[in-house]
Amino acid sequence: MYKFELMRKASILLTVLLFSYSLGYGQNLSQKIPEDALIVFSINAEQVRQKADMESLMEMEFIQQIEQELSKSDNQALLSAIYSDPQSIGLNAEDGYYYFMQANDSMLYMNFLFGISDKAHFDNFVSQTFLNGITPTQEEKTSYFSTKTLGIRWDEQYALFVGGVPLKKKSIYSQVDYDDPEYDQKIDALREERDTWLSKQWLEHLKASETKKSLMKESANFNNFIDKAPDLGLWGNWKVFQLNLIQGLKEVRELRNIDQVKLFESLNALLGGNYLHMYGNFENGKITLETQQYLSEKLAKLSEGMYDKRPNPEYLKYIDKNNLIGFYSMAIDIEKLVNMTWTIYKPFLESIPEYGPMAHSSMEILGLLLDEQALYNLMKGDLVLSISAMMEVEREYTSYEYDEDFNYTEIKKTKKEAIPEFTALMGIGNKENFEIILRALLRTKILQPTEDGLYYEIRAKELPIAFYLAIQDDIILLTNNTSLLDKKVLKKGLKKKYRLEKERAELMTENAQSLYLDIPRLLTNLEKIEKANSKELTVINKLKEEADNMNLVGVKVEGNKLTSNFELVLQNDKQNSLKILTQLMNFLFHL
Amino acid sequence: MYLSTLNSCIMYSFISKACFFVSILFLCSSCFQIVEEVNLNENGSGVYTLTLNLSESKSKMKALLALDSIDGHKVPNERSIRSEIQKAAGILNQMQGISNAKTQVDTENYIFEITCNFANVKALDEGIYQTLNSLIQTPQKTDIQKNHFVFQNQRFERNFPLNPKPEFEKLPGKYKDVLKEAIFTAIYRFPKSIKSKSNQDAKVSKTGKASMLRYSLYQIASEQKTIQNTIILNQ
Chain A
1 MYKFELMRKA SILLTVLLFS YSLGYGQNLS QKIPEDALIV FSINAEQVRQ KADMESLMEM
61 EFIQQIEQEL SKSDNQALLS AIYSDPQSIG LNAEDGYYYF MQANDSMLYM NFLFGISDKA
121 HFDNFVSQTF LNGITPTQEE KTSYFSTKTL GIRWDEQYAL FVGGVPLKKK SIYSQVDYDD
181 PEYDQKIDAL REERDTWLSK QWLEHLKASE TKKSLMKESA NFNNFIDKAP DLGLWGNWKV
241 FQLNLIQGLK EVRELRNIDQ VKLFESLNAL LGGNYLHMYG NFENGKITLE TQQYLSEKLA
301 KLSEGMYDKR PNPEYLKYID KNNLIGFYSM AIDIEKLVNM TWTIYKPFLE SIPEYGPMAH
361 SSMEILGLLL DEQALYNLMK GDLVLSISAM MEVEREYTSY EYDEDFNYTE IKKTKKEAIP
421 EFTALMGIGN KENFEIILRA LLRTKILQPT EDGLYYEIRA KELPIAFYLA IQDDIILLTN
481 NTSLLDKKVL KKGLKKKYRL EKERAELMTE NAQSLYLDIP RLLTNLEKIE KANSKELTVI
541 NKLKEEADNM NLVGVKVEGN KLTSNFELVL QNDKQNSLKI LTQLMNFLFH L
Chain B
1001 MYLSTLNSCI MYSFISKACF FVSILFLCSS CFQIVEEVNL NENGSGVYTL TLNLSESKSK
1061 MKALLALDSI DGHKVPNERS IRSEIQKAAG ILNQMQGISN AKTQVDTENY IFEITCNFAN
1121 VKALDEGIYQ TLNSLIQTPQ KTDIQKNHFV FQNQRFERNF PLNPKPEFEK LPGKYKDVLK
1181 EAIFTAIYRF PKSIKSKSNQ DAKVSKTGKA SMLRYSLYQI ASEQKTIQNT IILNQ
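Each protein sequence line maps, in turn, to chains A and B.
Counted from 1, the first sequence has number 464 at position 464 by the working numbering; the numbering is strictly sequential.
Throughout, the working numbering is defined as the position within the second sequence, counted from one, plus 1000.
No lab work stands behind these hints: they were computed from the structure.
All C-beta atoms in this analysis are idealised placements derived from N, C-alpha and C, irrespective of residue type, glycine included.
Hints are not guaranteed to be accurate.
Derived DEER-like restraints, expressed as beta-carbon distance ranges [said to hold, decoys possible]: (1) A:Glu-218 x B:Gln-1224: 55 to 65 Å; (2) A:Asn-224 x B:Glu-1078: 52 to 62 Å; (3) A:Thr-444 x B:Pro-1076: 25 to 35 Å; (4) A:Asp-403 x B:Gln-1200: 17 to 27 Å; (5) B:Glu-1169 x A:Asp-180: 25 to 35 Å; (6) B:Ala-1119 x A:Glu-193: 48 to 58 Å; (7) B:Glu-1169 x A:Ser-171: 50 to 60 Å; (8) A:Trp-197 x B:Pro-1076: 36 to 46 Å.
Capping the alpha-carbon separation at 25 Å, the derived lysine to aspartate or glutamate pairs in DMTMM-like fashion look like this [unchecked claim]: (9) B:Lys-1170 x A:Asp-184; (10) B:Lys-1180 x A:Asp-184; (11) A:Lys-415 x B:Glu-1108; (12) B:Lys-1060 x A:Glu-536; (13) A:Lys-321 x A:Glu-506.
Next up, chain A with everything else stripped away, as it sits in the complex (with noise of 0.2 Å):
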């Protein structure tokens, strides 16, 4: 149930943000984006109100779903004319809408942009929705408005709505003692409080943002976004993470009295300049989503050639593509790999206060004492992990057995497990260190050499079913599939007839990272485990109809930019994805 709802969910406010009226790229609304914004998302609607072939949309149920769980919302009316009919109320749909979020110590805010079209309508507009009969405060042409739960500016040309989350939240329940008798008076007292500051906060923020720079102006970086106009879009600055950093240190009580300004200078001189961008579309047959992370300077020349590597061809000598339900697959250089995150992870050591330094010094005498080259060189830094299959193994597990007096005994019953079938192959960087390694494990009885010396075994009694560890021309194999185990399959590999076919096996090998999942073959192994006729099952069938697979690509480098592509691919290639999206919400909404 808890997938539906969450489904459920995601379908609205999906829908609700697909087809607004909006085209997301109007150059003069873009502009009242404040540089201080950390994420900004963007729809180009026009473009996927004509791909979702909107008339048979309206006519889904599923719409009037929405429109029902709209009418349960705070801001109905603004939601409902936003989705419907935006020019009623005064919006410049042709300007179209932007949703951005910006934060300081104390405030999350979340902020929607509107273009106003026309002022009397959306003047009536609010009057009716917030006011209640109070006059919103007027400056010059502006008009102020706010509530405990969002604030309002609006002019002539355009409309900022905030709300968001107070991120020093303390709970006016904590305040109180519950044994106080006047224990409601007060907690009344502090909500009361407590709305008023929030309704103040707004309006100071929407005043503040009048006086700040256009993001579009500072940033260079974000105008090579806007002008991109993707179906979906999504730009964020390092400053994202810095935040939910702040909120990190607070939940760790260790890390409160970290140095923060020292902290997040040493960052900032790292990060300051890292942007995500995310451009998503919706083409014939496939959702298509192309992810650019921008490296700052120091970034970019700590990451040089840490991509370059490639896994290994030979690996493909062991995955058999007749039940493949999917793999990973990654080669990084570990030595830069490493050096990287300590360059990152220092700052956070030397700001800690007390053990800090002291750790930061045990990290460098480390450095001296160890052979840093000699780990860096163990492995080669390449890895795939594939599935082949789900297998069914029984668990005994104990239950009760009850007589007639109800006096029970302990039985042993069974149960079916589902346990992924699973091959991970990785390269041994230096052989005669992998061996001291190697020899520490057999010593340790962790490995157990089988009898005819062909490979090991992995033994735990917390494991359901045997692992195994077989070690060929310098690959190491860890697999839980015993048909790889036999002496001539290890020495040459699986026939040909059963290796991957040219295109996985260029993704896989020609790739810094790849993935691919082949998914009615995945959801035909879940299916045995669902129960028969349930809702589940219904839907696998119905994404085994629609569904071919899941691939990416990554990572390309170019300059001090990362590229990744991540594709679902589906069935039918005809027809644009984003309509078979909407006929599937349809379905699952009448589930």
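With chain A held as given, fit chain B onto it using these hints.
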């Protein structure tokens, strides 16, 4: 969390896609049983046993106990689970009218049992109240009340002086689903035969001296069903 967030700034695509791939491996459900047993003697004394059997979900338990936290909630380790159960037995043993409180912990099959003798049902009820009061440190502590068990004039009452629905409603759907698979069984044995019972779902044994009630925890927590039962014994 903050460290992983920062790392994802750099390793975003690598990590997120790898996690996605691995997450499809863990598609399983949870089942467990709670069995409450009261054996009452002629003189009002008896034996109380509470068993939590997670054996059916032991593979998932092993995986869960290896984690530090789930959804922001700290996951206890085996040692702390054992310690808490022993602490409960310790509290019970200090109570007047309670004796021989002991625990059985089977970490291989994840079966936890606590049992004690009681001199009378009032002592048992007081023992349960004091134990819950000592062990529970959350705001829900104020909800703990007495009168779980009452026995007077051949009238045995199993009450449920809690109001779980508000907390249940706050639970995410995935946790609610887990409760559907969890079974609570209450078995009460008496020295005399049962004359009547208030809970129509309770079964009476062939000898007429024992009753059994079984509900899913979902039914109890959502207040679709109640374990409340008044059993009148023949004189």
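So, going through the hints one by one against the coordinates:
The supplied range of 55 to 65 Å is met by Glu-218 (chain A) and Gln-1224 (chain B), whose beta-carbon atoms lie about 58 Å from each other. The hinted window of 52 to 62 Å between Asn-224 (chain A) and Glu-1078 (chain B) holds, with their beta carbons roughly 54 Å apart. A hinted range of 25 to 35 Å holds for the C-beta pair Thr-444 (chain A) and Pro-1076 (chain B), which are about 28 Å apart. Restraint check, Asp-403 (chain A) to Gln-1200 (chain B): a C-beta distance of roughly 23 Å satisfies the suggested window 17 to 27 Å.
Remark: the range hint 25 to 35 Å for Glu-1169 (chain B) to Asp-180 (chain A) is upheld by a beta-carbon distance near 27 Å. The hint said 48 to 58 Å for the Cβ distance between Ala-1119 (chain B) and Glu-193 (chain A), and at roughly 54 Å that hint holds. At roughly 19 Å, the beta-carbon separation of Glu-1169 (chain B) and Ser-171 (chain A) lies outside the given 50 to 60 Å, and the hint is violated. Taken as a hint, the range 36 to 46 Å holds for the pair Trp-197 (chain A) and Pro-1076 (chain B), whose Cβ atoms sit roughly 38 Å apart.
Under the criterion of a C-alpha separation no larger than 25 Å, the hint pairing Lys-1170 (chain B) with Asp-184 (chain A) is consistent with the structure, at around 22 Å. A distance of roughly 36 Å separates the Cα atoms of Lys-1180 (chain B) and Asp-184 (chain A); the hinted pair therefore is violated under the 25 Å criterion. Only pairs whose Cα atoms come within 25 Å are accepted, and Lys-415 (chain A) paired with Glu-1108 (chain B) is accepted, the gap being roughly 17 Å. For the suggested pair Lys-1060 (chain B) and Glu-536 (chain A), the alpha carbons sit about 21 Å apart, so the restraint of at most 25 Å is met.
The hinted pair formed by Lys-321 (chain A) and Glu-506 (chain A) meets the criterion: a straight-line CA distance of about 14 Å does not exceed 25 Å.
Going down the numbered hints, you'll see the structure goes against 7 and 10, while the others check out.
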